[in-house]
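J.: So you can see what is in the structure, the chains are spelled out below.
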Amino acid sequence: MAITAKISVEAQDVLGSLRRFFEDILNTDDIEAVLVPQQLPMKNMIMPTLVTRPSQFGGVDPLAPAFPMNAARIVSRLARKPAGGKIAAVLRPCEIRAFIELVKLKQGRTDEILLIGVDCLGALQNKDYFQFAGQNPAESTMQFYRNVLQNKGKPIEGFELAPSCRACEYPVADNADVVIGLYGMEIGKSLLVQSQTESGDHILRQVNLADTKVPAARQDAIDALISQRSGYRDEMFARTREATDSLEKMSAYFATCVNCYNCRVACPVCYCKECVFVTDVFNHDPYQYLRWAHRKGIIKMPTDTLFYHITRLAHMSTACVGCGQCSNACPNDIPVMELFRTIAYDAQKAFDYEAGRSIEQEPPLSVFREDEFAEVVGIN
Amino acid sequence: MSEFEPLIVAFFCNWCTYTAADLAGTSRLSYPHNIKSIRVMCTGMVDPKYIIKAFLEGADGVLVSGCHPGDCHYINGNFKARRRIKLLKEILPQFGFEPQRLRLTWIGASDGVLFAEIMRDLVLQIKALGPSQAKLAMVI
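Read top to bottom, the protein sequences are chains A and B. Residue 1 is where the first sequence starts when you use our numbering, and the numbers rise one by one after that. Residue 1001 is where the second sequence starts when you use our numbering, and the numbers rise one by one after that.
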């Protein structure tokens, strides 16, 4: 029996209520540690923290528009082998979806992880967040929380959400064990807590919460947000297709790329321990460069820029969850996410696949059927 | 102006299509010189990046050819290849490569005559498409 309960917020202290909720979760029999974003005491920055002592939740802030990394990688690091206890991971929906992809790619196990998905209000790009948060991250978070919920997802004054968030149609973690709901709840007064799996039930039963019903406004608010986001997404797809529909345009799109490969490092689903592009395969002999240059008269250095990006698209587009960390990591502001999402959308549709939807759905390139895709075979 | 001669990079599996190519040769069948064959152990080992690299370096067409379904020497390599080709046929056309430039065929070891026919057909088709865009512009 799924549990639907609510956390009553006192004196508008939403973060305080969340802090107490995570303390309760940590105090249950099963949970050994909680992975949750917190404001670091030494600097106004939000980072994932792994907490084992209930007194150490002082800077808890999973609502801040800060998204320094996709924490699916951190969870995968914690869950690749038995850890000796269960960890409750407080994540954004795109982090949960990326983790589900990693589990299917054998980069993590779900046995010792309890996924807690907080309704996502969106995030700013890194550079914007530092400016936005200023000296008081907790206060700026509350301002952001109220603005987003009141304006039905519209950005805050002077700042735009990251493009990946503006195009994201997954504001709610449908596949978490426990959901913490914000949309459709009374702003600053109550939060929804819902279990969606048996392990979620098991934990919530041990926490003292007041039962409630999901308010009707919740689904309406979510639907409105998704339709607004889908509109932006489709417009982004059209714009990106137009900007990349030939090699010449692709070369212009990536003209400022310096082959730093930060986008691959930041990508939560690019999971190879060693990417072929940083191995000796691409450490060409000097004479090779000269031969290429001789053949064409001119080559751009470093070489293989488009080769790298198109190969990464071929390797990862079926697993792309659209979190936007590739764009966040780009030193030269190339809209990498826009291209990845555009290509990933068609690639996933071709295989009737949706990255991060469920553990059961098999990654397209890990399986095959004997009788399929006859249309790609033959020369007629 | 001389007629456009396309360059087609072809990945042939060792057990079926490469053997068919061999048979075409020993049977003294001729097929166009535009096909540059690369012998691989199985179509299942053709990583998408081999195909992408061929196109970016100016290949006008890429052919991957292996055993008929059920005949793969490694049981299912050709099924995996088919999924990868399906994926690339979704991705590459977005960057202006006509889908017909990338082809997958099954040619069995005893199909020497068919092999030569398919190669002739393919060259005609790629000729009709004209030179690949990678030859015409600077690719970074």
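Keep in mind that the hints were calculated from the coordinates and are not lab data. Be aware that a few hints might be false.
BS3-like mimics (lysine-lysine), calculated; alpha carbons at most 27 Å apart, straight line [to be verified]:
1. B:1080 - A:249
2. B:1135 - A:273
3. A:273 - B:1080
4. A:296 - B:1036
5. B:1036 - A:349
6. A:349 - B:1135
7. A:104 - A:86
8. A:300 - B:1053
9. B:1127 - A:349
10. B:1036 - B:1053
11. A:296 - A:104
12. B:1135 - A:104
13. B:1135 - A:296
14. B:1053 - A:296
15. A:106 - B:1080
16. B:1080 - A:349
17. A:104 - A:43
18. A:104 - B:1049
19. A:104 - B:1080
20. A:300 - B:1080
21. B:1135 - B:1080
22. A:106 - B:1036
23. A:296 - B:1049
J.: Quickly compare the C-alpha distance for residue 104 of chain A and residue 1049 of chain B to 27 Å and report which way the hint goes.
T.: At roughly 23 Å apart (the allowed maximum being 27 Å), residue 1049 of chain B and residue 104 of chain A satisfy the hint.
J.: Taking only the CA atoms, is the gap from residue 1053 of chain B to residue 296 of chain A under or equal to 27 Å?
T.: Holds, because 16 Å separates the two Cα atoms, which is no more than 27 Å.
J.: When you check the alpha-carbon spacing of residue 106 of chain A and residue 1036 of chain B, does it fall within 27 Å?
T.: violated (38 Å)
J.: Would you check the hint for residue 1036 of chain B and residue 349 of chain A, treating anything up to 27 Å between C-alpha atoms as holding?
T.: Roughly 34 Å separates the two Cα atoms, so the pair is violated.
J.: Take the C-alpha atoms of residue 104 of chain A and residue 1080 of chain B, compute the straight-line distance between them, and say whether it is at most 27 Å.
T.: Roughly 18 Å between the alpha carbons, so the hint for residue 104 of chain A and residue 1080 of chain B holds.
J.: Is it true that the CA of residue 296 of chain A sits at most 27 Å from the CA of residue 104 of chain A?
T.: violated (43 Å)
J.: Need the status of pair residue 104 of chain A, residue 86 of chain A: alpha-carbon distance at most 27 Å?
T.: holds (20 Å)
J.: Need the status of pair residue 296 of chain A, residue 1036 of chain B: alpha-carbon distance at most 27 Å?
T.: holds (20 Å)
J.: Under the criterion that the straight-line Cα-Cα distance not exceed 27 Å, is the pair residue 1036 of chain B, residue 1053 of chain B satisfied?
T.: Holds, because 15 Å separates the two Cα atoms, which is no more than 27 Å.
J.: Decide if the proposed pair is consistent with the structure: residue 300 of chain A and residue 1080 of chain B, CA atoms, cutoff 27 Å inclusive.
T.: Roughly 34 Å between the alpha carbons, so the hint for residue 300 of chain A and residue 1080 of chain B is violated.
J.: Take the C-alpha atoms of residue 1135 of chain B and residue 1080 of chain B, compute the straight-line distance between them, and say whether it is at most 27 Å.
T.: violated (30 Å)
J.: For the pair supplied as a hint, residue 349 of chain A and residue 1135 of chain B, confirm whether the alpha-carbon distance does not exceed 27 Å.
T.: This hinted pair is violated, its Cα atoms lying about 31 Å apart.
Hint compliance for this structure: hints 1, 2, 5, 6, 9, 11, 12, 17, 20, 21, 22 are not met, and every other hint is.
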